[in-house]
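Model the placement of chain E on the given structure of chain S, informed by the hints.
Protein chains: 2
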Amino acid sequence: MKTTAKSKHCIEVCFSPKLFPEIVIRENYIVVLVDILRATTSICAAFANGVKNILPVATLEEAKILKSKGFLVASEQDGKKLDFADFGNSAFNFSREAIEGKTVVYCTTNGTRALDIARKAEKIAMGAFINLQALTDWLVAEEKNVVILCSGWKNKFCLEDALFAGALTENLLDRGGFATHCDSAVAALDLWHVAQPDILGYIEKAAHRHRLKMLELDDVIPFSFTLSTTSVVPVFEGKEIVNVAI
Amino acid sequence: MKTTAKSKHCIEVCFSPKLFPEIVIRENYIVVLVDILRATTSICAAFANGVKNILPVATLEEAKILKSKGFLVASEQDGKKLDFADFGNSAFNFSREAIEGKTVVYCTTNGTRALDIARKAEKIAMGAFINLQALTDWLVAEEKNVVILCSGWKNKFCLEDALFAGALTENLLDRGGFATHCDSAVAALDLWHVAQPDILGYIEKAAHRHRLKMLELDDVIPFSFTLSTTSVVPVFEGKEIVNVAI
Numbered sequence: 163m164k165t166t167a168k169s170k171h172c173i174e175v176c177f178s179p180k181l182f183p184e185i186v187i188r189e190n191y192i193v194v195l196v197d198i199l200r201a202t203t204s205i206c207a208a209f210a211n212g213v214k215n216i217l218p219v220a221t222l223e224e225a226k227i228l229k230s231k232g233f234l235v236a237s238e239q240d241g242k243k244l245d246f247a248d249f250g251n252s253a254f255n256f257s258r259e260a261i262e263g264k265t266v267v268y269c270t271t272n273g274t275r276a277l278d279i280a281r282k283a284e285k286i287a288m289g290a291f292i293n294l295q296a297l298t299d300w301l302v303a304e305e306k307n308v309v310i311l312c313s314g315w316k317n318k319f320c321l322e323d324a325l326f327a328g329a330l331t332e333n334l335l336d337r338g339g340f341a342t343h344c345d346s347a348v349a350a351l352d353l354w355h356v357a358q359p360d361i362l363g364y365i366e367k368a369a370h371r372h373r374l375k376m377l378e379l380d381d382v383i384p385f386s387f388t389l390s391t392t393s394v395v396p397v398f399e400g401k402e403i404v405n406v407a408i
Numbered sequence: 163m164k165t166t167a168k169s170k171h172c173i174e175v176c177f178s179p180k181l182f183p184e185i186v187i188r189e190n191y192i193v194v195l196v197d198i199l200r201a202t203t204s205i206c207a208a209f210a211n212g213v214k215n216i217l218p219v220a221t222l223e224e225a226k227i228l229k230s231k232g233f234l235v236a237s238e239q240d241g242k243k244l245d246f247a248d249f250g251n252s253a254f255n256f257s258r259e260a261i262e263g264k265t266v267v268y269c270t271t272n273g274t275r276a277l278d279i280a281r282k283a284e285k286i287a288m289g290a291f292i293n294l295q296a297l298t299d300w301l302v303a304e305e306k307n308v309v310i311l312c313s314g315w316k317n318k319f320c321l322e323d324a325l326f327a328g329a330l331t332e333n334l335l336d337r338g339g340f341a342t343h344c345d346s347a348v349a350a351l352d353l354w355h356v357a358q359p360d361i362l363g364y365i366e367k368a369a370h371r372h373r374l375k376m377l378e379l380d381d382v383i384p385f386s387f388t389l390s391t392t393s394v395v396p397v398f399e400g401k402e403i404v405n406v407a408i
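Note that the protein sequences, when read in sequence, are chains S and E.
Note that the numbering used here has the first sequence beginning at 163, numbered continuously upward.
Note that the numbering used here has the second sequence beginning at 163, numbered continuously upward.
Treat the hints with caution; some may be incorrect.
Which copy is meant is left open, so a pair is good if it fits within one copy or across any two.
[Claimed, not checked] Straight-line C-alpha distance at most 30 Å; calculated DSS-like pairs for lysine-lysine:
1. K285 <-> K180
2. K316 <-> K282
3. K229 <-> K367
4. K226 <-> K367
5. K170 <-> K214
6. K226 <-> K170
7. K170 <-> K243
8. K401 <-> K214
9. K170 <-> K375
10. K306 <-> K375
11. K180 <-> K306
12. K170 <-> K231
13. K316 <-> K180
14. K401 <-> K231
Quick caveat, the hints were computed from the structure, so don't treat them as lab data.
Only a predicted model underlies this, so the values are computations on that prediction, with no experimental measurement involved.
Next comes chain S alone, as it looks inside the complex (with noise of 0.2 Å):
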């Protein structure tokens, strides 16, 4: 893919890992990870409150050995903690009494597939709506082309997700020194316009707000949909994601 003016970097937009290998961008690129009702946000929320860095693991077994020595660790399944962790994967779980200084050892099978997936990018940083400005402020000083890649939910595409992409789409635009020629970018663009005006109100119609509230996990909602509360850009090095915000 080109870009019509050479100086400018690409934009691509991902709507799910499967998807990945598609992707038409192959060098000089970030990841940005978007998961708004489960991990990135979280993630975010976390560095918000002061955690030090966070190990993600794949397995429940690594988990329960960090944990044994004294990590503090996050997991969950189908949304729920489990019994041997600290916390589950909703952003209010990561408060800074519990968190500040420390490392947060974080279990996610989605997640650390995700980022095995995303391995050859430059960087891969977390994006959520609440570190949107602080995340394209980095991404415009980083100076690369950027995938943002979707989680999905269970692979399929889902709208909050798609609806991150089309807002940091555009806030990277709007900077001038990116463009795009990709269909999913263009389609989240138009969704984030469509949801914009009531960004609440749009999300009703998303699949993973009902499974949430059947969860009674739906009241982490409207923090998750709200714009630029923190300046952190966790970004995934070796094997920990630290704060790189500028």
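Just chain E, lined up with the frame of chain S:
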């Protein structure tokens, strides 16, 4: 996936063949194949011009053997008609003079892959803007769940197929016997509502529209986005595609 009213049939939209394994509807469903700027509009146009039946084949070798036996053959690569073939895959190739009452062999890797993917469906129908109303009437009469399978472009999400998915979803919901809890269907509907006032203007944003322009094949675009100009409903049965319109 359960419908809120048990009597209603479900609609699910799949934005890429790669996402088809993730569909939630597992039984009693019809797949509607969508490939607006290539196969499905052309197939509908062929039936509108009186083709007897269409034999999809997966390989050039099969197509060449059938050509040597006297069949008319449609075959293209990257949008261009192959030398040995009678037609490419532009809807304009299939004129009444050329095909009325005849069998056409259609060589399409993507199309036959999609047919393979959808093999567990009760029936597989071809959807295009030009047969939107006839397809809606047929689906309503069939009284089954509906999975709208967008071909996309090289497995990526594409705007034109998503718009059609939205238009068909709207038609089916309007008829009252259908419901959806699928985020892709909600997104497709909203994109269709954004595009509908000026479809040709909107489709200027689509990447594939620009690829066709470069190939000088974009003359077919206004035709491809004209609603309900034919009453055919091509359906894959056994090894051939036939017209089953009511």
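### Task
Hint by hint, work out which the structure violates, then give me just those numbers in ascending order.
Result: hints 3, 4, 5, 6, 7, 12 break, sorted rising.
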